Amino acid sequence: MNPDRVRTTVVNQITAIPRDDWNCVSGTGHPFLRHEFLSALETQGCVGEAHGWWPQHIAAYDDADTLVGIAPLYLKDNSYGEFVFDWAWAEAYQRAG
8 MNPDRVRTTV
18 VNQITAIPRD
28 DWNCVSGTGH
38 PFLRHEFLSA
48 LETQGCVGEA
58 HGWWPQHIAA
68 YDDADTLVGI
78 APLYLKDNSY
88 GEFVFDWAWA
98 EAYQRAG
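In this note's numbering, each residue's number is its place in the sequence shown (first place is 1) plus 7.
By construction, these hints were calculated from the structure, which means they are not laboratory data.
All the pointers check out, no bait thrown in.
Okay, the calculated beta carbon distance ranges per label pair:
hint, residue 1, residue 2, range
1, 81, 30, 13 to 21 Å
2, 23, 97, 28 to 36 Å
3, 67, 44, 16 to 24 Å
4, 80, 11, 20 to 28 Å
5, 94, 26, 33 to 41 Å
Dumping the calculated EDC-like pairs for lysine to aspartate or glutamate here, alpha-carbon to alpha-carbon at most 16 Å:
hint, residue 1, residue 2
6, 83, 93
7, 83, 56
8, 83, 49
It should be emphasised that the depicted structure is a prediction, and the values quoted were computed from it without experimental measurement.
Ideal Cβ placement from N, Cα and C applies to all residues, glycine included.
I would like the entire structure built from these sequences, with the hints used as guidance.
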């Protein structure tokens, strides 16, 4: 595989990637990286617009359109649900202009 020919795309629903393909390239046996777990979060409403966790998974494909890499990512647009709330940072940012 030529790394110069790998293309990446942002996937906003894990169901857009077949389960077996995802699990094959996720790299570990860690249960929280498996398609089944992440799919359950999305389908049951644990992540998404209502909670400020927007799925933005990065998928990498070779020139034969075979999935060769995956990075499960979420865009966070609020301070809810964090282990450490960042309200002070947000307020400082607003004060600074």
